[in-house]
Amino acid sequence: MIHRFLIAAALLALPSSPVFAAHAEPRSIHVSGSAEIKVVPDLILLDVGVESRHAQLDQAKRSNDENVAKALVFLKRSGVPDKDVQTDFISIEPTYHTDYSFTKPQIYIVRKSIGIKLSRIGDLENVLTGLLGSGVQYIHGIEFRTSQLRKHRDAARALAVQAAKEKADALVAELGVRRGPVLNVSESYSGGWWRSGSRWGNGMSGGQMVQNVMQNSGGGEAADGETLSVGQISVSASVSASFAIE
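Residue numbering for the sequence shown is -21 to -1, 1 to 225, as defined by mature numbering (1 follows the signal peptide of the UniProt record, and there is no 0).
Capping the alpha-carbon separation at 30 angstroms, the derived lysine-lysine pairs in BS3-like fashion look like this: (1) LYS17 x LYS96; (2) LYS96 x LYS49; (3) LYS55 x LYS40; (4) LYS17 x LYS62; (5) LYS49 x LYS62; (6) LYS96 x LYS62; (7) LYS40 x LYS62; (8) LYS130 x LYS144; (9) LYS83 x LYS40; (10) LYS130 x LYS62; (11) LYS130 x LYS17; (12) LYS144 x LYS17; (13) LYS55 x LYS96; (14) LYS96 x LYS130; (15) LYS40 x LYS96.
Taking CB as the label site, the calculated pair distances span: (16) GLN65 x PRO5: 52 to 60 angstroms; (17) LYS96 x ARG157: 47 to 55 angstroms; (18) VAL164 x LYS96: 33 to 41 angstroms.
Keep in mind that the hints were calculated from the coordinates and are not lab data. By construction, the Cβ of each residue, glycine as well, lies at the ideal position given by its N, Cα and C atoms.
Go ahead and model the full structure; you've got the sequences and the hints to work with.
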């Protein structure tokens, strides 16, 4: 009986021995890094609209169809490929008299939106002017993009990682220690495009230290006589990383 008690006591004591002790969490430092690359866009997405109003639904629709057709003819004549033009929104809205005793619509509003992709940036101003003279009444949005997004985002990510490492090095140097190997890393995106307008009628740091980098990849100035400047867009990347402290 005494032997059994001693064995049980020994087993209970084993977990507290150094051999069975849980490994302590390594000392670590948590930082974030972000980078933004400015690039000249080589693609433009346009969102334009045509609106028609008439007391007769068929007349409102016919007028809208005619204006949309004129806009499409202009785009084809301007050299915009058919694959880069799409009608992406259609609506028919009956409008009633404010007096609820009237149940018949006073007027019908027919709306259509056309999505356009321009690969020749210099055509932007002429295309906008021509569309507004070919039945289009609304410019809902202008979105500048780059066809080299993957390349620029990879570059921004590499800069963000480097920024995080430099931040960690600066902090541990002040503490008299050294940065060890990376323990974990995660990525998030914040922004990327610039868009203007709307249709009808991003980076998180979690309170951690952030190091930012910006890189300029060339200008996008307006040519003489132009009133629209393409400028540049931002391609961004952010990373959060934990490093061991040695």
